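**Student:** If you follow the hints, you should be able to join the two separate chains into one complex; please do so.
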Amino acid sequence: MRASCLPIAAALLMLGCTTAPVPPQRATGFAGPLRATTLELPADEEMFPEGPAGDLLNANCLACHSVSMVTTQPVLTGKQWQANVEKMRSVFKAPIDPADDAELVRALVALNADAGTR
Amino acid sequence: MTHTVDRLDSLLASRLARRRLLGLAAAGGGLLATATANPAGAAPARLLLNGGPRLRPLSSAYPGKGEMIVQRARPPLLETPFEMFNEGVFTPNDRFYVRWHWGDIPAAVDTEAFRLGISGAVRQPLSLSLAELLKLPRMALAAVNQCAGNSRGLFEPRLGGAQWSHGAMGNALWEGVSLKSLLARAGVKAGALAVRFGGLDQPLTDADPYAKSLPLEMALTDDVMVAFAMNGEQLPLLNGFPLRLVVPGWYSTYWIKALNQIEVLDSEDRNFWTAKAYKIPTAPFAHVAPGTADFPSRPISTMVPRSFLTNVRDGASLPWQPALALSGIAFGGAAGVKAVELSSDGGRSWQPAALGPDEGRYGFRRFTHSVATPAPGTLTLLSRCTASDGAVQAMVPNWNPSGYQRGCVEPVQLVLA
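Chains A and B, in that order, are what the protein sequence lines are. Heads up, the first sequence stops at 118 in the numbering used here, and the numbers go up one at a time, no gaps. Heads up, the second sequence stops at 1417 in the numbering used here, and the numbers go up one at a time, no gaps.
This is chain B alone, in the form it adopts within the complex (with noise of 0.2 Å):
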């Protein structure tokens, strides 16, 4: 525990030697050109929450991003802002939502120095320079990367942890190497039982590292993958360059960024970040009576269907058109989108939406539709997508403790006037 006391006090001493120094440049008139996570006098985000605080700085000043909602400074957690999701089924690399666990996040990487190595039960012990895993063969795919915890800010009752609105997510092009086939090359020993993925950040305490496991099924599954590219560019730092695991169809917290270790077990994993976090109800929707505590549990895994409608915000005032042109986007969760449909007079009917270009069953999917709004006044639109696999969103917000999973109908109210 002496080393995580001398860190966190050394870490302490800096901050506070800076906040003299920014004292005194204040009380000198200075203005200090550094960037800064918190910009003063630059106009807030205002997020659709269930309540307050709603506001949050924007900031373009991460590397690598333009401008993001800085729902935490440090570790960052940087939201996409929502009208992003109304430009195109792809979100650019630049936009992407960003989740750090620790504060000590890769500052560099040296891509000569980089290995991935491949370990614990396997035949043939790797460590991939990442020269060597650009030569393996490719694959490429559409996937929606989601935090657990999206759209945590609109539980009821509300609950502590990141207050996501709906941009804890992103749809990007994924290119890397099949993670089937790095472990037939390592050699996946009989017995073993699940594969364990470790990044390059470490906590600051003496805390587990962030790590997670997948079941060795779903491991050797031919959609996951261990990506080099994100929209055919290199990933940012800030989203886990070199390396991230891409789970299609999985929560991101099994999507571990800045991937260095690979590791076959064959016992059960018993690091924190599986054994004990990321825990849904086995009930349907990882729903429990708000207020729960005590419940089945199991790891948070596949993701549920979800649609958003993009062109129009909930609150906002229009001027009345004797018909509104919708346009969201939609995601089936692990499945692709079978069908997206409107409600405008709260869920009575339904209408077909017509769905855009499928460019694969794990990305976003552009839906459009138009309503006729024979008059003035409240107008309150619902979208909701049914996947391939039949799973459809709900009508009603589930709740459990963690705020994880949401994926109901999300209301639009306007006024037409």
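So here's chain A without its partners, still in its complex pose (with noise of 0.2 Å):
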């Protein structure tokens, strides 16, 4: 189809997304040299809510990752939990008493109860 057969508003439309991208130049290259940096991470402050079962997630969890990694899960069931606090423990070595896998099952099953409205 010929853009002269467009409406003017659908041709500039196409016009717009179809400017072609300015490719880096790779005759130049990097001229160097490499800079020494560092890395300031931004604070992660979140902590999982006030009470026994924030207590015991906050002791078994954030010390490796923040909250986000649990609280941007899909809604999983007990034993889809389960799993993931013994892949924690058995592969990932995280000190995760078994026997508060119980109460952290139970923990991680309430606080993840609403992510599908999230």
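Note that these hints are calculated values from the structure, not bench results. Just to be clear, a hint being listed does not mean it is correct.
Here are the in silico distance ranges between beta carbons for each label pair [as the list claims (entries may be wrong)]:
(1) 36/A with 1181/B: 22 to 30 Å
(2) 1293/B with 52/A: 32 to 40 Å
(3) 97/A with 1051/B: 29 to 37 Å
(4) 97/A with 1267/B: 30 to 38 Å
(5) 29/A with 1119/B: 24 to 32 Å
(6) 100/A with 1380/B: 46 to 54 Å
(7) 1346/B with 86/A: 40 to 48 Å
(8) 40/A with 1119/B: 31 to 39 Å
(9) 114/A with 1293/B: 22 to 30 Å
(10) 1380/B with 114/A: 27 to 35 Å
(11) 71/A with 1302/B: 31 to 39 Å
When the alpha-carbon atoms are kept at most 27 Å apart in a straight line, the in silico BS3-like pairs for lysine-lysine are as follows [as the list claims (entries may be wrong)]:
(12) 79/A with 1276/B
(13) 93/A with 1279/B
(14) 1276/B with 93/A
(15) 1279/B with 87/A
Here the structure is a predicted model, which is why all the values come from computation and not from measurement. Ideal Cβ positions, reconstructed from N, Cα and C, are used throughout, including at glycine.
**Tutor:** Next up, the structure:
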């Protein structure tokens, strides 16, 4: 289809979308040198909700990762959360006491019960 | 294990102290100016996922990064906002997605002291400074870097893991030294099987550090590179400064960041990350029936073709007009883009899209097309990429328990009113 067949608005939109990006100059390349750099990550102060369940999650999860690792998950079953807790302990060597598993899984299921609506 | 627990305890203690401090600041009505990964008040991003939670904070607080979707604050999982893919086929460094496995990521790199080691089954182990690497013959190519779990949040049924939409991918011009030439300098011994790559990041526990192996024959192919530049600049620390392994056509799990160890192996790699993790079903499209746990598997490797309409968003309402100009990006996976086709009738008929400039077989390729829209109403658009090796995007989504290698045609439904 030729652009001239299109109404002006569509033709303009098309032009806007087909503007070719300017490719980086390959011939020039990276001039260097590499400059030393440091990384200061933003503070991650989010904690699990107040209360005994939140305290247990804070103590077992937050040393390695933020709350968001948990709260971005879809609704998962207790069995799926149990598998996650076991993976954290056996594969990723998190020092989670197996005696806490049942309480942890209950806390995780409750925390994410409304995940489908957020 | 003792030192692990100590480290974890001290980390947790500092976090609890911070929380108390924040509590006090709030009680006193004080305002804390510290940059935060969880900015309160900023409008969140609403991701196109197969169900909730869909909302994610947007943050510009990460060093070297502009506004990014925060999938996980720590260790950072930062997704590229999808509208970036409409702006050009190269993804800017400050919007390129970020994914780290372990909590101890390098906080600083001393460019004078840094060394890249090449060891193991080689005749001459090497320890190269950055200055030495920069003097070696160079190569450059455009390549898509994509997380194995990109688009995991669209799997049905849902599964755990980073809930990415489509933004765990990016295309950059990578520049560096060919891996093959470095291995030739070290001299690979007869009987070598694989090459393992490790970086500066470390676990906070006694688990295996993040490392991945390539089969030796793959490591010796022409396009694998130790890159020191990305889009003409040094890499952002969050994307692997000072060196990153670039494995064009393969998923990002192999693209080791802050690369400082190359080890030639003469036996099978037993490290968790190669031996156990990042496995996919051997079945076509890495697909198994949802819920299947036991299946023949293999390490994930080459990417599959994908295409995305980038100037329209699924679920959007647009004013009706008799024709709709469409634009998108495609990539062929391990090969170039041969063709992109579009359908506006559910896949009954397909029209070829025009392809933009070819920036290299491993990179994104722009496509454009105009579809006739005779009347207002609902319109479902499909785009389908065929790679130059003959691979074609599937019409139906795949499923596997890790949520890897999504590559199906992604419908975009619009309301034209």
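**Student:** Compare the structure with each hint and give your call.
**Tutor:** Right, here's what the structure says about each hint:
no.	hint	result
1	36/A with 1181/B: 22 to 30 Å	26 Å, holds
2	1293/B with 52/A: 32 to 40 Å	33 Å, holds
3	97/A with 1051/B: 29 to 37 Å	33 Å, holds
4	97/A with 1267/B: 30 to 38 Å	36 Å, holds
5	29/A with 1119/B: 24 to 32 Å	29 Å, holds
6	100/A with 1380/B: 46 to 54 Å	48 Å, holds
7	1346/B with 86/A: 40 to 48 Å	43 Å, holds
8	40/A with 1119/B: 31 to 39 Å	32 Å, holds
9	114/A with 1293/B: 22 to 30 Å	28 Å, holds
10	1380/B with 114/A: 27 to 35 Å	30 Å, holds
11	71/A with 1302/B: 31 to 39 Å	34 Å, holds
12	79/A with 1276/B	21 Å, holds
13	93/A with 1279/B	20 Å, holds
14	1276/B with 93/A	15 Å, holds
15	1279/B with 87/A	16 Å, holds
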